[in-house]
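Colleague: Here's the letter readout for the chains.
There are 2 protein chains.
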Amino acid sequence: MRIAVDAMGGDNAPRDIVAGAIQATEQLPDLERIYLVGRQAEIEAVCQELGKPRPAKIEIVDASEVVGMDESPATAIRRKKDSSVGRAVALVKDGQAQALFTAGNTGAAVAATTLKLRTLEGIARPAIATVMPTKLKPFVLIDAGANTDCTARQLAEFAVMGSVYSQEILGIDNPTVGLLSIGGEATKGNEATKEAYALLQKMPLNFKGNVEGHDLYEGATDVVVCDGFVGNVVLKTSESAAHAISHWLKEEFTRNPIRILGALLLKRAIGQIKQKGDPSVYGGAPLLGVNGICIIGHGSSSPFAVFNGVRVACESVSHDINGKIIELRKAGLTSPETEA
Amino acid sequence: MRIAVDAMGGDNAPRDIVAGAIQATEQLPDLERIYLVGRQAEIEAVCQELGKPRPAKIEIVDASEVVGMDESPATAIRRKKDSSVGRAVALVKDGQAQALFTAGNTGAAVAATTLKLRTLEGIARPAIATVMPTKLKPFVLIDAGANTDCTARQLAEFAVMGSVYSQEILGIDNPTVGLLSIGGEATKGNEATKEAYALLQKMPLNFKGNVEGHDLYEGATDVVVCDGFVGNVVLKTSESAAHAISHWLKEEFTRNPIRILGALLLKRAIGQIKQKGDPSVYGGAPLLGVNGICIIGHGSSSPFAVFNGVRVACESVSHDINGKIIELRKAGLTSPETEA
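Top to bottom, those sequences are chains A and B.
Terminal number for the first sequence in this note's numbering: 340, no gaps in between.
Terminal number for the second sequence in this note's numbering: 340, no gaps in between.
These aren't lab readings, by the way, just hints derived from the structure by calculation.
Beta carbons: idealized from backbone N, C-alpha and C, even for Gly.
The reader is advised that the hints may include incorrect statements.
Output of the computed footprint for chain B on chain A, the stretches with three or more beta carbons under 8 Å from beta carbons of chain B [stated by the list, open to error]: (1) 137-150; (2) 253-266.
With a Cα cut of at most 16 Å, we get these calculated EDC-like pairs of lysine to aspartate or glutamate [what the hints assert, rightly or not]: (3) B:267 <-> A:32; (4) B:276 <-> A:252; (5) A:135 <-> B:252; (6) A:57 <-> A:32; (7) B:276 <-> A:70; (8) B:274 <-> A:251; (9) A:276 <-> B:251.
Based on the provided sequences and hints, a complete structural model is requested.
Modeller: This is how it looks when you write it as structure tokens:
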């Protein structure tokens with residue numbers, strides 16, 4: 001495998017990105033080459049700082065510009081011709097790399113890949129898939145934020161992409177698919193979800209009908225489909241609720257000496273619970289539906305998260321997820337050209 | 001005040017509803033009369049069972065039918081002419097009662113009030129407002145589930161209704177209003193929210209721009225506006241996340257004797273945290289925008305929740321929230337007739 005890594009994207013870039021990339025070259029036998037894309041001098045300085053000679057499998061590709069986390073994606077990609085994320089995407093387009101990983105500005109990654117790689121045959125828009133923990137087993141939420149105002153057809157495409165990802169990368173056999181709505185019946189939902197329900201029923205998917213917010217962390221289905229506005233709200237609201245509960249726990253658990261003693265006895269337990277919600281083990285969120293493989297890491301990606309992101313990128317290549325998405329899409333949805 | 005109470009709606013009806021209504025007559029001095037609407041014999045049996053003589057302020061209004069929690073709202077309201085919720089709404093329409101409280105089928109309450117009472121002047125659709133806890137202070141989420149596919153104009157109407165409720169019932173002076181979206185900038189969101197942003201900026205509200213899922217439980221604004229699809233997902237996802245965390249806490253806290261001891265020392269603390277998320281203190285969710293006052297309780301309303309629902313119904317009458325909604329709407333939005 002040959003993977004391009006945006007060395008400059010993320011809150012702790014390039015340090016943690018480089019560290020994770022080095023770890024990947026050490027532990028992933030299938031990995032032939034990592035292209036570390038970014039400011040050569042900075043990347044080399046980090047290698048020195050880490051006290052490790054640059055592994056032979058790592059090649060630095062110089063890119064002089066960086067897209068900031070708060071920059072407007074479309075403008076940044078248009079203006080910064082030599083950005084690290086743009087150059088990483090170009091490596092995939094040229095076939096030099098087979099996939100890319102970035103922990104930088106998500107919007108910029110979506111814009112650059114959509115612009116340069118275009119979408120897969122019969123897929124209108126790429127979508128972000130995120131793996132979420134539940135009481136039992138993780139599920140794939142798609143779209144987690146790439147598209148607002150989706151049509152029923154687009155939601156159906158997301159279901160195809162999420163199914164393939166769940167099957168190939170999470171190893172779930174014949175994954176169940178739920179459509180996020182506000183009631184169990186086919187008649188409950190907004191215009192797009194009601195129409196999507198009818199479409200999904202006819203497709204070769206293990207479609208289980210609507211799921212509600214209530215069901216999400218019960219592990220109701222392996223894939224949960226929604227538009228990117230709703231997906232973004234779900235992700236961020238869940239994080240916010242978890243933060244509030246954690247805040248209340250801390251507040252109440254430190255109110256008097258007896259409680260402080262109790263909390264001390266539970267210190268390890270609390271740490272283990274926090275880990276359950278830790279996204280770094282799943283290796284970031286793939287942007288599915290683009291003609292190439294792009295894994296997007298959390299802005300605060302640790303070296304371990306970067307390592308996992310590179311691992312998932314390799315697996316996505318070896319499992320040919322894009323070929324399988326095209327295949328399953330063809331089996332379930334007419335091509336847009338035929339429709340028009 | 002004269003309040004109609006749907007005695008048959010809710011998981012623990014009529015018992016907990018009657019108990020809450022009796023408590024209200026004992027503790028709310030402004031309350032002249034409660035019409036307990038439902039099957040007379042059952043209600044009288046509950047009064048006996050509770051060991052209390054029926055207070056003079058309570059009058060039973062016989063209604064032979066009950067809308068079940070899982071019935072299709074529109075069909076149920078059309079077919080069951082003598083339903084308790086329908087009769088309670090009719091009491092408000094006739095002016096015999098000034099407000100109603102129901103813990104029954106939410107959709108049926110929305111359908112019955114919209115059909116019989118119609119909406120306030122210049123308000124296209126009624127919306128459910130729910131009071132949610134945060135780290136600091138509660139906020140009003142509107143719409144929590146009455147409408148999907150809302151226009152920008154409707155979102156702006158929700159902002160007006162939520163502001164009035166926050167000011168009059170929660171006592172927040174000049175409440176801040178946020179529009180739930182997926183980024184802080186005015187250009188972030190879906191078509192409806194982007195258009196609503198522009199509308200809200202021009203209105204006499206304390207509009208603070210977009211809020212994100214992240215901000216919700218930080219107490220970013222006093223009112224958070226969204227369509228009912230998103231609002232329903234936010235509510236139910238938050239509950240689901242809280243359940244999952246509670247499940248993990250229980251699992252980890254009982255894993256060995258030392259942890260069990262720790263958990264015992266924290267038992268009261270954990271109980272206090274659970275209370276923070278308890279919606280019963282806020283007295284249910286008002287359905288705002290109908291030409292009458294309707295407070296909708298949670299299906300599992302306890303007597304205390306019913307008492308609080310009746311209290312909020314009385315306050316909504318005495319503060320003339322509907323008059324104030326009409327006034328603020330006129331100050332901020334043209335009447336739909338002028339527009340057309």
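Colleague: Against this structure, judge whether each hint is valid.
Modeller: Results of checking the hints against the structure:
1. 137-150: With 3 residues in contact (Cβ-Cβ under 8 Å with chain B), the coverage given for the stretch 137-150 of chain A holds.
2. 253-266: It holds: at least three residues are needed, and the stretch 253-266 of chain A offers 10 whose Cβ sits within less than 8 Å of chain B.
3. B:267 <-> A:32: Violated - the C-alpha atoms of residue 32 of chain A and residue 267 of chain B are around 54 Å apart, more than 16 Å.
4. B:276 <-> A:252: 11 Å, holds
5. A:135 <-> B:252: Holds, at about 12 Å.
6. A:57 <-> A:32: Holds. Residue 57 of chain A to residue 32 of chain A sits at ~6 Å (cutoff 16 Å).
7. B:276 <-> A:70: At roughly 35 Å apart (the allowed maximum being 16 Å), residue 70 of chain A and residue 276 of chain B break the hint.
8. B:274 <-> A:251: The hint holds at about 13 Å.
9. A:276 <-> B:251: 12 Å, holds
Hint compliance for this structure: hints 3 and 7 are not met, and every other hint is.
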